[in-house]
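Chemist: Following my numbering, the numbering of the sequence shown begins with 1 at its first residue and continues without gaps.
Calculated from the structure, these hints are not laboratory results. Worth double-checking, as some hints may not be accurate.
Below, in silico cross-link-like pairs of lysine-lysine (PhoX-like), each with a Cα-Cα straight-line distance of 20 Å or less [stated by the list, open to error]: (1) K124 - K53; (2) K97 - K131; (3) K197 - K131; (4) K142 - K117; (5) K131 - K171; (6) K149 - K171; (7) K171 - K142; (8) K149 - K131; (9) K149 - K117; (10) K171 - K117; (11) K193 - K117; (12) K97 - K149; (13) K97 - K124; (14) K124 - K142; (15) K193 - K171; (16) K190 - K149.
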Amino acid sequence: MDHMKFRELRSVDRPLSRLGCIEVLFEHQKQKALPRGISFSYVYWIWNRVDRKRIAEVGHDIACAEWLLRNSAYVRFHGRPQLITGYYAIPTARSLKLSEIHAVNSGITVDGFPYLKGVDAVEKVYLINSKMIDNHCLDALKYISDSLKHLEVERCPDVTITGIQLLARLKSLRYLRLHLLEGVTESEWKLLKDNAKELFPNCETVFEAAKFIEAEHELPPPS
């Protein structure tokens with residue numbers, strides 16, 4: 001199938017968001033105008049693939065923010081307290097640095113994590129109820145290991161103890177919260193708790209926290 005036909009579904013300079021794209025696909029399905037062979041898995045891949053040309057055009061941090069917002073995640077920049085929830089609200093100043101990534105109910109996949117290369121000021125990352133997060137994604141956090149201080153991973157069913165052990169390489173990490181990870185067995189949770197100080201000696205760890213989503217993640221709708 002010629003995937004170039006998929007470009008016919010786009011009519012803006014910047015790509016549609018993931019949700020916007022899905023709405024377009026549903027509409028084309030209703031009209032029986034969807035190019036044959038296009039699937040939702042292809043949609044996830046197309047919005048997560050790394051665009052090197054775009055990185056060169058706008059810089060690492062803005063390109064990374066565009067990837068995240070395309071896939072329904074939110075971001076915050078240093079010096080700008082407002083959480084950016086809409087794709088077209090992403091600033092264009094190349095000098096801006098990402099400070100936080102809020103991937104809550106997002107569609108980010110491992111294909112997009114190379115966007116983190118060259119991003120050097122992210123201090124907080126929230127990976128919550130994002131079903132395509134897996135051990136490979138946790139491994140890719142090494143790209144921001146020098147700056148990452150706060151990490152929360154919750155309701156990501158493909159994360160296992162193997163991926164969690166990789167987080168021990170994040171030497172700047174000072175707070176780690178893990179909660180409701182279906183891929184971690186009860187005995188593995190106990191093992192993690194018993195060895196938390198050894199695995200994460202300079203880090204506060206909160207495992208199996210009772211609270212589901214913190215107040216900050218009761219987010220406004222995308223603008």
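Chemist: Are the hints correct? Go through all of them and say.
Modeler: Against the structure, the hints come out as follows:
1. The hinted pair formed by K124 and K53 fails the criterion: a straight-line CA distance of about 27 Å is larger than 20 Å.
2. About 27 Å separates the Cα atoms of K97 and K131, which puts this hinted pair outside 20 Å; it is violated.
3. For the hint linking K197 to K131, the alpha-carbon distance of about 28 Å lies beyond 20 Å, and the restraint is violated.
4. Of the pairs offered as hints, the one joining K142 and K117 holds, with about 9 Å between alpha carbons and a cut-off of 20 Å not exceeded.
5. Between K131 and K171 the CA atoms are separated by roughly 26 Å; this puts the pair beyond 20 Å, and the hint is violated.
6. Among the hinted pairs, K149 with K171 is consistent with the structure: their alpha-carbon atoms are about 9 Å apart, no more than 20 Å.
7. Between K171 and K142 the alpha-carbon distance is near 10 Å, which keeps this suggested pair within the 20 Å criterion.
8. With a C-alpha separation of about 23 Å, the suggested pairing of K149 with K131 is violated against the 20 Å cut-off.
9. Among the hinted pairs, K149 with K117 is consistent with the structure: their alpha-carbon atoms are about 17 Å apart, no more than 20 Å.
10. About 17 Å separates the Cα atoms of K171 and K117, which keeps this hinted pair within 20 Å; it holds.
11. Of the supplied pair hints, the one linking K193 and K117 is violated, its CA atoms being roughly 31 Å apart against a limit of 20 Å.
12. Among the hinted pairs, K97 with K149 is consistent with the structure: their alpha-carbon atoms are about 15 Å apart, no more than 20 Å.
13. Taking the CA atoms of K97 and K124, the gap is about 13 Å. The hint holds against a cut of 20 Å.
14. Distance hint between K124 and K142 is fulfilled; the C-alpha atoms sit about 14 Å from each other, no more than 20 Å.
15. At roughly 19 Å between alpha-carbon atoms, K193 and K171 fall within 20 Å of each other, so this suggested pair holds.
16. Straight-line distance between C-alpha atoms of K190 and K149 comes to about 24 Å, which puts the hinted pair past the 20 Å bound.
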